[in-house]
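Novice: Each chain, letter by letter, is given below.
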Amino acid sequence: AQSVTQLDSQVPVFEEAPVELRCNYSSSVSVYLFWYVQYPNQGLQLLLKYLSGSTLVKGINGFEAEFNKSQTSFHLRKPSVHISDTAEYFCAVSDDGATNKLIFGTGTLLAVQP
Amino acid sequence: KAGVTQTPRYLIKTRGQQVTLSCSPISGHRSVSWYQQTPGQGLQFLFEYFSETQRNKGNFPGRFSGRQFSNSRSEMNVSTLELGDSALYLCASSFGSNQPQHFGDGTRLSIL
Numbered sequence: 729a730q731s732v733t734q735l736d737s738q739v740p741v742f743e744e745a746p747v748e749l750r751c752n753y754s755s756s757v758s759v760y761l762f763w764y765v766q767y768p769n770q771g772l773q774l775l776l777k778y779l780s781g782s783t784l785v786k787g788i789n790g791f792e793a794e795f796n797k798s799q800t801s802f803h804l805r806k807p808s809v810h811i812s813d814t815a816e817y818f819c820a821v822s823d824d825g826a827t828n829k830l831i832f833g834t835g836t837l838l839a840v841q842p
Numbered sequence: 012k013a014g015v016t017q018t019p020r021y022l023i024k025t026r027g028q029q030v031t032l033s034c035s036p037i038s039g040h041r042s043v044s045w046y047q048q049t050p051g052q053g054l055q056f057l058f059e060y061f062s063e064t065q066r067n068k069g070n071f072p073g074r075f076s077g078r079q080f081s082n083s084r085s086e087m088n089v090s091t092l093e094l095g096d097s098a099l100y101l102c103a104s105s106f107g108s109n110q111p112q113h114f115g116d117g118t119r120l121s122i123l
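If you read the sequences in order, they're chains F and E.
Residue numbering for the first sequence follows the numbering used here, beginning at 729 and increasing consecutively.
Residue numbering for the second sequence follows the numbering used here, beginning at 12 and increasing consecutively.
Derived from the structure by calculation, the hints contain no laboratory data.
Keep in mind that the hints are not guaranteed to be accurate.
Pairs of lysine to any residue, SDA-like flavour, derived with a Cα cap of 20 Å [what the hints assert, rightly or not]:
1. F:K777 <-> E:H40
2. F:K777 <-> E:S108
3. F:K777 <-> E:N88
4. F:K786 <-> F:Q730
5. F:K777 <-> E:P111
6. F:K777 <-> E:F106
7. F:K777 <-> E:N109
8. E:K68 <-> E:S38
9. E:K68 <-> F:P842
10. F:K777 <-> F:S731
11. E:K68 <-> F:Y760
12. E:K68 <-> F:Q799
13. F:K786 <-> E:H113
14. E:K24 <-> E:I122
15. E:K68 <-> E:R78
16. E:K24 <-> E:F75
17. F:K786 <-> F:D824
18. E:K68 <-> E:K24
19. F:K797 <-> E:N109
20. E:K24 <-> E:R119
21. F:K777 <-> F:Q799
22. F:K797 <-> F:S782
23. E:K24 <-> E:H40
24. F:K786 <-> E:F75
25. E:K68 <-> F:K797
26. F:K786 <-> F:E748
27. E:K68 <-> F:L837
28. E:K68 <-> F:T827
29. F:K786 <-> E:G27
30. E:K24 <-> E:Q110
31. E:K68 <-> E:N88
32. F:K777 <-> F:S798
33. F:K777 <-> F:E748
34. E:K68 <-> E:G14
35. F:K777 <-> E:S97
36. E:K68 <-> F:F832
37. E:K68 <-> F:Q730
38. F:K777 <-> E:H113
Extracted from the complex, chain E is given alone in its bound form (with noise of 0.2 Å):
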């Protein structure tokens, strides 16, 4: 069985740019979540789907956007890009709530 797959998995990016991340979820699955994680701040919830549907939100500006296909794969998508950006972007999927949640590698956005 497939894992959760993260494309693509650097990134390297100019402030002002935009940039748009994609997560493969587990066949199954229909809740995909997004974390930030960096060395300052840690591990952060971004924003969670269900049934292409944003069920919940964490505390991040609206430059920070999401949405889920029918499929269940999910896209992240960040608009006028920061430096603060800088990151490894996690998606993790799980089959419901409170279920196990499955993590991608990530993918590492670089902000120059």
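Okay, chain F solo, but in the shape it has when bound (with noise of 0.2 Å):
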């Protein structure tokens, strides 16, 4: 069965600074990878999808993400954080072409200090 490893349950980082949240999934099919992101009290939002095509993603607030198949990873980067970018980040993939199944990992928490 399909499943979504979240490596980091926090990562604390200083605004302004880079950042990167880590996510491997475990099937070597086609998959299609999904990043979302979750404030407080909210449901999720998402910041950017791979579905197929360039194996670099660009998403919303300045997030991108790197599809590697190789090490079938999909990490999420953005170069400068900000106080704002304060939530939960999750990972989730799909590999069922027929329906929209997702399957989430648990979950990292971007704490970003001032």
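Bring the two chains, given one by one in their own frames, into a single complex with the hints.
Specialist: Below, the structure is given as structure tokens:
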């Protein structure tokens, strides 16, 4: 069965510093990959997605991610974070082309400090 | 364009009761998926409906059920509530398969 691993449960970082949130998935078959952000007391907001094509995907709020098939990874990066980026970030994968079932990682809390 | 609307936002029930949660998708979206979010188990897929048909189901007991209406609105029902059903229930809608899913703000269900 497909699974997603987010090794870091919490990532503290200072404002304006770069950050990388790690995500690895288990399946070697064709997959669709997503990063979502969740602010307190809210639902999930899509940051970016990889369906096919270029392995470097750009998303909203200055985030980007790189799909690496050989390492089965889809790490999220931002060159300079802001206080407002403090939130929970979830990596998700779908390997079922016929439905919208997503398998989520356990999440990474990005804590931006001034 | 209105987003995904979930009602109610908060709900308190007691063990043994049943509950119905509602989700109105973005206009034009035909797929509605439901997820349960808890601190211990994280985000888990419950089921997905597309054009009034359930086309995928997660690993949850039969107490969890859902349906979708002709206007794509969806409801999920949980019967014989247990303490472990306390969670944030999220609904997501999309236009089709493997299209971006848009989430509502969820219904927080607390079981006493």
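Novice: All hints are to be evaluated individually against the structure, with a verdict given for each.
Specialist: Results of checking the hints against the structure:
1. Between the alpha carbons of K777 of chain F and H40 of chain E the distance comes to roughly 18 Å, so the proposed pair stays at or under 20 Å and holds.
2. Among the hinted pairs, K777 of chain F with S108 of chain E is consistent with the structure: their alpha-carbon atoms are about 13 Å apart, no more than 20 Å.
3. Only pairs whose Cα atoms come within 20 Å are accepted, and K777 of chain F paired with N88 of chain E is rejected, the gap being roughly 31 Å.
4. Of the supplied pair hints, the one linking K786 of chain F and Q730 of chain F is violated, its CA atoms being roughly 24 Å apart against a limit of 20 Å.
5. For the hint pairing K777 of chain F with P111 of chain E, the CA-to-CA distance comes to about 8 Å; that is within 20 Å, so the pair holds.
6. Distance restraint check for K777 of chain F and F106 of chain E: the Cα-Cα separation of roughly 15 Å lies within the 20 Å cut-off, and the hinted pair is therefore satisfied.
7. A threshold of 20 Å between alpha carbons decides the hint, and for K777 of chain F with N109 of chain E the separation of about 10 Å falls inside it, so the pair holds.
8. A distance of roughly 24 Å separates the Cα atoms of K68 of chain E and S38 of chain E; the hinted pair therefore is violated under the 20 Å criterion.
9. Between K68 of chain E and P842 of chain F the CA atoms are separated by roughly 44 Å; this puts the pair beyond 20 Å, and the hint is violated.
10. Taking the CA atoms of K777 of chain F and S731 of chain F, the gap is about 17 Å. The hint holds against a cut of 20 Å.
11. For the given pair, K68 of chain E sits about 19 Å from Y760 of chain F by alpha-carbon distance, which is consistent with the 20 Å threshold.
12. Restraint check: the Cα-Cα separation between K68 of chain E and Q799 of chain F comes to about 29 Å, which exceeds 20 Å; the hinted pair is violated.
13. For the hint pairing K786 of chain F with H113 of chain E, the CA-to-CA distance comes to about 18 Å; that is within 20 Å, so the pair holds.
14. Of the pairs offered as hints, the one joining K24 of chain E and I122 of chain E holds, with about 5 Å between alpha carbons and a cut-off of 20 Å not exceeded.
15. A hinted pair counts as satisfied when its Cα atoms are at most 20 Å apart, and K68 of chain E with R78 of chain E qualifies at roughly 12 Å.
16. Between K24 of chain E and F75 of chain E the CA atoms are separated by roughly 15 Å; this keeps the pair inside 20 Å, and the hint holds.
17. With a CA separation close to 23 Å, the supplied pair K786 of chain F and D824 of chain F exceeds the 20 Å bound.
18. With a CA separation close to 25 Å, the supplied pair K68 of chain E and K24 of chain E exceeds the 20 Å bound.
19. In summary, the hint linking K797 of chain F to N109 of chain E is supported, as the alpha carbons are separated by about 19 Å, within the 20 Å threshold.
20. Among the hinted pairs, K24 of chain E with R119 of chain E is consistent with the structure: their alpha-carbon atoms are about 11 Å apart, no more than 20 Å.
21. Proposed proximity of K777 of chain F and Q799 of chain F is supported: the alpha carbons are some 18 Å apart, at most 20 Å.
22. Annotation: proposed proximity of K797 of chain F to S782 of chain F holds, straight-line Cα distance about 12 Å (limit 20 Å).
23. In summary, the hint linking K24 of chain E to H40 of chain E is not supported, as the alpha carbons are separated by about 31 Å, beyond the 20 Å threshold.
24. Under the criterion of a C-alpha separation no larger than 20 Å, the hint pairing K786 of chain F with F75 of chain E is inconsistent with the structure, at around 37 Å.
25. As the CA atoms of K68 of chain E and K797 of chain F are separated by approximately 28 Å, the hinted pair breaks the 20 Å bound.
26. Annotation: proposed proximity of K786 of chain F to E748 of chain F holds, straight-line Cα distance about 14 Å (limit 20 Å).
27. Between the alpha carbons of K68 of chain E and L837 of chain F the distance comes to roughly 28 Å, so the proposed pair goes past 20 Å and is violated.
28. Under the criterion of a C-alpha separation no larger than 20 Å, the hint pairing K68 of chain E with T827 of chain F is consistent with the structure, at around 10 Å.
29. At most 20 Å may separate the alpha-carbon atoms for a hinted pair to count; K786 of chain F and G27 of chain E exceed this at roughly 47 Å.
30. For the suggested pair K24 of chain E and Q110 of chain E, the alpha carbons sit about 35 Å apart, so the restraint of at most 20 Å is broken.
31. Our distance criterion of 20 Å between C-alpha atoms is met by K68 of chain E and N88 of chain E, whose separation comes to about 14 Å.
32. For the given pair, K777 of chain F sits about 18 Å from S798 of chain F by alpha-carbon distance, which is consistent with the 20 Å threshold.
33. Between K777 of chain F and E748 of chain F the CA atoms are separated by roughly 16 Å; this keeps the pair inside 20 Å, and the hint holds.
34. With a C-alpha separation of about 24 Å, the suggested pairing of K68 of chain E with G14 of chain E is violated against the 20 Å cut-off.
35. Restraint check for K777 of chain F and S97 of chain E: not satisfied, since their Cα atoms lie roughly 30 Å apart, outside the 20 Å limit.
36. Distance restraint check for K68 of chain E and F832 of chain F: the Cα-Cα separation of roughly 15 Å lies within the 20 Å cut-off, and the hinted pair is therefore satisfied.
37. This hinted pair checks out: K68 of chain E and Q730 of chain F have alpha carbons roughly 15 Å apart, not beyond 20 Å.
38. At roughly 13 Å between alpha-carbon atoms, K777 of chain F and H113 of chain E fall within 20 Å of each other, so this suggested pair holds.
Hint compliance for this structure: hints 3, 4, 8, 9, 12, 17, 18, 23, 24, 25, 27, 29, 30, 34 and 35 are not met, and every other hint is.
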